[in-house]
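Fit the two chains together into the complex; they arrive one by one in their own frames, and the hints show the way.
Protein chains in written order, with my numbering: chain A, 38 to 410; chain B, 28 to 380.
The set of hints was computed from the structure by calculation and includes no laboratory data.
The model shown is predicted, which means the values in this text are computed figures rather than measured ones.
Lysine-lysine pairs mimicking BS3-like chemistry, simulated, CA-CA at most 30 Å apart: (1) B/Lys174 x B/Lys146; (2) A/Lys143 x B/Lys146; (3) A/Lys143 x A/Lys192; (4) A/Lys361 x A/Lys249; (5) B/Lys174 x A/Lys143.
Covered by chain B, according to a simulated footprint, are these stretches of chain A (three or more residues, beta-carbon under 8 Å): (6) 43-50; (7) 82-93; (8) 138-151.
For each residue, glycine too, the CB sits at the ideal point set by N, CA and C.
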Amino acid sequence: MKYIDEFQDPALARRLLDDIARTVTRPWAMMEVCGGQTHSIIRHGIDQLLPENIELIHGPGCPVCVTPLEVIDKALEIASRPGVVFCSFGDMLRVPGSDRDLFWIKSDGGDVRVVYSPLDALRIAQQTPGRQVVFFGVGFETTAPAIAMAVHQAKRLEVRNFSLLVSHVRVPPAIEAVMRSPDCRVQAFLAAGHVCSVMGTTEYPDLADTYKVPIVVTGFEPLDILEGIRRAARQLERGEHRVENAYPRAVRPQGNPVALSVLREVFTTTDRAWRGIGIIAGSGWRLSDAYRDYDAEHRFDVTCLVTEEPAVCRSGEVLQGLIKPHECAAFGTTCTPRTPLGATMVSSEGTCAAYYLYRRLATPRMEETASVD
Amino acid sequence: MTDITADTEGWSCPTPPRDHPVVVMGHGGGGALSAELTRHLFLPAYGSEALRGLTDSAAVTLGGARLAFSTDSYVVRPLFFPGGNIGDLAVNGTVNDLAMSGAVPAYLSCAFILEEGTKLSTVGRIAQALGAAARAADVTVVTGDTKVVDAGHGDGVYVNTAGIGLIPEGVDIRPQRARPGDVVIVSGPIGQHGIAILSVREGLTFGTEVVSDTAPLAGLVQAMLAVTPEIHVLRDPTRGGLATALNEIATASDTGVILDEGAVPVPEAVATACALLGLDPVYMANEGRLVAFVPRKHADAVLDAMRAHPLGRETAVIGTCVAEHPGMVVARTGLGGTRIVDLPLGEQLPRIC
Numbered sequence: 038m039k040y041i042d043e044f045q046d047p048a049l050a051r052r053l054l055d056d057i058a059r060t061v062t063r064p065w066a067m068m069e070v071c072g073g074q075t076h077s078i079i080r081h082g083i084d085q086l087l088p089e090n091i092e093l094i095h096g097p098g099c100p101v102c103v104t105p106l107e108v109i110d111k112a113l114e115i116a117s118r119p120g121v122v123f124c125s126f127g128d129m130l131r132v133p134g135s136d137r138d139l140f141w142i143k144s145d146g147g148d149v150r151v152v153y154s155p156l157d158a159l160r161i162a163q164q165t166p167g168r169q170v171v172f173f174g175v176g177f178e179t180t181a182p183a184i185a186m187a188v189h190q191a192k193r194l195e196v197r198n199f200s201l202l203v204s205h206v207r208v209p210p211a212i213e214a215v216m217r218s219p220d221c222r223v224q225a226f227l228a229a230g231h232v233c234s235v236m237g238t239t240e241y242p243d244l245a246d247t248y249k250v251p252i253v254v255t256g257f258e259p260l261d262i263l264e265g266i267r268r269a270a271r272q273l274e275r276g277e278h279r280v281e282n283a284y285p286r287a288v289r290p291q292g293n294p295v296a297l298s299v300l301r302e303v304f305t306t307t308d309r310a311w312r313g314i315g316i317i318a319g320s321g322w323r324l325s326d327a328y329r330d331y332d333a334e335h336r337f338d339v340t341c342l343v344t345e346e347p348a349v350c351r352s353g354e355v356l357q358g359l360i361k362p363h364e365c366a367a368f369g370t371t372c373t374p375r376t377p378l379g380a381t382m383v384s385s386e387g388t389c390a391a392y393y394l395y396r397r398l399a400t401p402r403m404e405e406t407a408s409v410d
Numbered sequence: 028m029t030d031i032t033a034d035t036e037g038w039s040c041p042t043p044p045r046d047h048p049v050v051v052m053g054h055g056g057g058g059a060l061s062a063e064l065t066r067h068l069f070l071p072a073y074g075s076e077a078l079r080g081l082t083d084s085a086a087v088t089l090g091g092a093r094l095a096f097s098t099d100s101y102v103v104r105p106l107f108f109p110g111g112n113i114g115d116l117a118v119n120g121t122v123n124d125l126a127m128s129g130a131v132p133a134y135l136s137c138a139f140i141l142e143e144g145t146k147l148s149t150v151g152r153i154a155q156a157l158g159a160a161a162r163a164a165d166v167t168v169v170t171g172d173t174k175v176v177d178a179g180h181g182d183g184v185y186v187n188t189a190g191i192g193l194i195p196e197g198v199d200i201r202p203q204r205a206r207p208g209d210v211v212i213v214s215g216p217i218g219q220h221g222i223a224i225l226s227v228r229e230g231l232t233f234g235t236e237v238v239s240d241t242a243p244l245a246g247l248v249q250a251m252l253a254v255t256p257e258i259h260v261l262r263d264p265t266r267g268g269l270a271t272a273l274n275e276i277a278t279a280s281d282t283g284v285i286l287d288e289g290a291v292p293v294p295e296a297v298a299t300a301c302a303l304l305g306l307d308p309v310y311m312a313n314e315g316r317l318v319a320f321v322p323r324k325h326a327d328a329v330l331d332a333m334r335a336h337p338l339g340r341e342t343a344v345i346g347t348c349v350a351e352h353p354g355m356v357v358a359r360t361g362l363g364g365t366r367i368v369d370l371p372l373g374e375q376l377p378r379i380c
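Only chain B is shown next, with the shape it has when bound in the complex (with noise of 0.2 Å):
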């Protein structure tokens, strides 16, 4: 037995830093810290209503037509990924913001900034993947813009896409329209796409290669809106996940989501790429899947027209929406008890065991 000489008067931790004064990785993570970001330095800054939305795409009217305006950039390390690379996942992004209002997208803006050094021939391959990226999502690229950065001040390409797009009379979507008893869908399996990039990134594999789910959203929405344009609320759960779109959700709405953990799909590669590094599949990036919550009276059928569609043939119900505890995100776990689902704060990061 050893001897203990437990310092019983200075139990006691100290007081962490409170804030930062500088750029941290995990503002750009999509989770609290990119929230307040964009809450306490961009808005105030910028004093645009249009903005106070927090949408994926600004919904404005210009000349008597509803168009939804939006813009993202790509910053993705590696440039080629299973499953895809940064030229349609720039497309892709875009398409789906102008998606998640419901709008038809129609013209994208590209623009390039590249890294001394970077070959050429990457440049080529990223820029065919994009434009044949752009065909298949029914999209024209109509102007861009590229910039040179001196070597080692990038990744070798960084792409800027924006995007307008029409949105249909009668069709209002926003998080903001959640209501209580409305059901929530996901259109799919999560978590391909943060599993993907970490795979390659890290050199790590799981038993099998997981695939990014990249991919254009709006023909899928077209189809889901053919239904009943009374759709409450469409998200793609890109940066922060699942969880991080729900709990917007939430928020903006004021109201509070049940989610059912069991029901929530997720392939057995990234589930188990998951357990081995400790990280949530609520809280991985996806680039092809769609959060909906949708009136309970037109469930059914918006189901049917999900699970008909190419991109939707895995689309499942995962909670429901509830006046309950607003704000806040509660899962059911698997074995009954329940959970707090919340904003993560920036990046998950790998735990140590």
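Okay, chain A solo, but in the shape it has when bound (with noise of 0.2 Å):
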């Protein structure tokens, strides 16, 4: 299949491999910042692959696992108002609140739909005038300009019934916060390679200056990801800490100018916080001034609202790098994805869902061995 099969060639895997091998001489962890990358990274078993002196830790760049708790409840509250159509991305649906998460609200009543799309939620809001429709604006860089066309659409058309909860995030402040943290021991970094194709790279050189630091921008494929290994354990090894680009297919330098352009008309920077993290500076996007009528939290006047998150799990330690999820005494046994205690077993994309999913079994004893040539 043209733009995956070719990423996913397992000769060309091996041979990467191979020259991953040749190139380290020592122990190196390099940090992949994206949940995707994480998935991909234990669905395709790349980190059982890889020499033992590559550690891949996983990174906080999954927008399920890292929306807070607050904004859940804000979420589970606007939704659970008559007259109100509350549209979603799928896989916000089973994140918990602080007692329910959407498909409780909609097993109660609650009119909660999936979109693929935010436009698809304009749609319905014009549709149904007489209903308020919110759609839940969360992710990355990625998701926002599309988030963002979906309100300058509804205000260019006057559709007033539509509004969003917003919990944008972004990268770069939060490569940053991990590297100031004093446990870090991150070496190098795998950037997120759509988030770069919206962005573009220009934001990564001045972190990888400042903390001197590789960083690779990297795609999602097996392929990409053993390429952006190979890269940035070629810098590590020559003492290198540069902006690469690895992913040039999906990513230019200047990233996507429509994109760029719709995103600063209709959000702006602020602070942020991170579920299981904390507050991170000016990590966030709200809406502008200009958009401020289409903020749910306003139109439905929950911005008072304020949740406490109890300590009984590490899935903040699990968000930043500091320890792998089965070093979590609740992992596997008080902790699933049936009963999960943190965002990151919720979301497919949480580190400890897919360590659940694809590695319970530690050493599966296998047949064969498979060949890769």
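As structure tokens, then:
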């Protein structure tokens, strides 16, 4: 299949693995920032195939995992109101708030709908003028442009029964937060390719310089990830710390000008809380003043809703790469996808869920070892 | 550079709801929630030994005859989709459940639950399709029922079918009979039905139209049994897909399954759609495919018979039954790594990005 099969070729993967093995002479720890990359690494067993002295640390880039409890509770509050159609991407429906999730609201009579695009939610608003349609705007720089476009269109078309519950987060401040942690072990980053396809790479050279850390923009297929690791390892071995683009088929240095233009018109940066981590300054987006009328928090008066997260799991440490999921005592016992204690176990891109789904059988005894040649 | 205020004292997560006291969509998804509902609510309530096997159809004896007996309800939306409609699905689904016991399906019942306001022409088209599918599957509809519910209390048409068929002498096909060494076979490409439904329900296109694989499999099963009655397990991987079927077999037989991921036939359009939406083809629904666990000594002959049948041309060997990791399905990835292929919780959810 074009653009997928080419990047899963076992023979090419073997060559990259051999090259990585030849390159590394001592242990290195690198972080893949994005949950999609984590999922792909675990799903394809890439971590099992790497030389032992490459450690992959899983980063905070799962938008479902990092959406704060407070925002989930606001979503639940709004979605349970009569006359509201609450639209969301699919994987947010199972994320627990303080005592419920959106599936619960739906089964309790709330009109909660899964949409594949925020523009679908806008269409629902146009088709149901008597009801308030709210879209749950979560995600990194990847989802933000389409969501910005939906609000932009709503304003242009004067669709007044449409609003956004916004909890967008930005990657560069998260990378900085990881690097500034006193316990940080990360020596290189695999930056999220789809984020850079929107934002470009101009935000990264400063970070690479300041923290003396290689940053390699990396895609999501197995060969993309192996190439990212190979380049990061090469820089580490040479003592370099540059930004490299290993995903040129999708990423231009200047990003996507159209997407950036609508982002800058609709959103403005703000401090944002990350679930399990805390507030990271400048790490989020909120609707700009010109679009304040479309802010669901104000329209439904849930701005003051505050919740407190009880200390029962180590999801925050997992999100920052400080521990691996199985190092948490609850992992796989009291905390499973069926009964998640933390958001990293809920989302399919969450590190704990990926480990649970694909790795809880520590060393599966296989009948034979597959050849990759 | 920005100022960082990370609240290290408060790095924690809340305790989410552990159990839903009401029905949620996941209870009908064919995954872990469905299994829990059956195991913890229905089975204790019914107290029937015959149900314990949790097979697609029950094998019962009546008047000396071994019968397979099965029922299924169809709540598909939309009613008409590429490659089929709720009418032929209601026949093929029940016929296939009977066939998975090795039975020759014979008779069907058919109950319609109609929503007030549904066009009679729609009901007529579905009935016509149902009749045609029954004739194609060589079964006879012998009894039925019609109920109407208020407008707004249904999706136009729901259909329930039940069926009975005769299990031939010497045939004993059940998930419990999987044995280490069995060859795991799938009768064709997976995921087409799930993606066909998704594409029309959500208005998504993936370059090529994906057509449902809905088809009656009794003929294919008979062709397989003509080679040997010693087939251990047959399962049609409907809701929950291939992964769920394999997990159920592994659990029922207390064996492990090694799935050779690269050997699983996935049509390009299905793979593309799944990649775009963050779904896994092994969990997508099928309505015209079967999974077989066949003793190794018969595997080649069974494969030949399947590939000679019109519904089995793209049959593939996808794995092996093993004694290791009982109750678990472990995939060997294309790159040579391994991963667990788990039972899904409920329905698959398209991811954010």
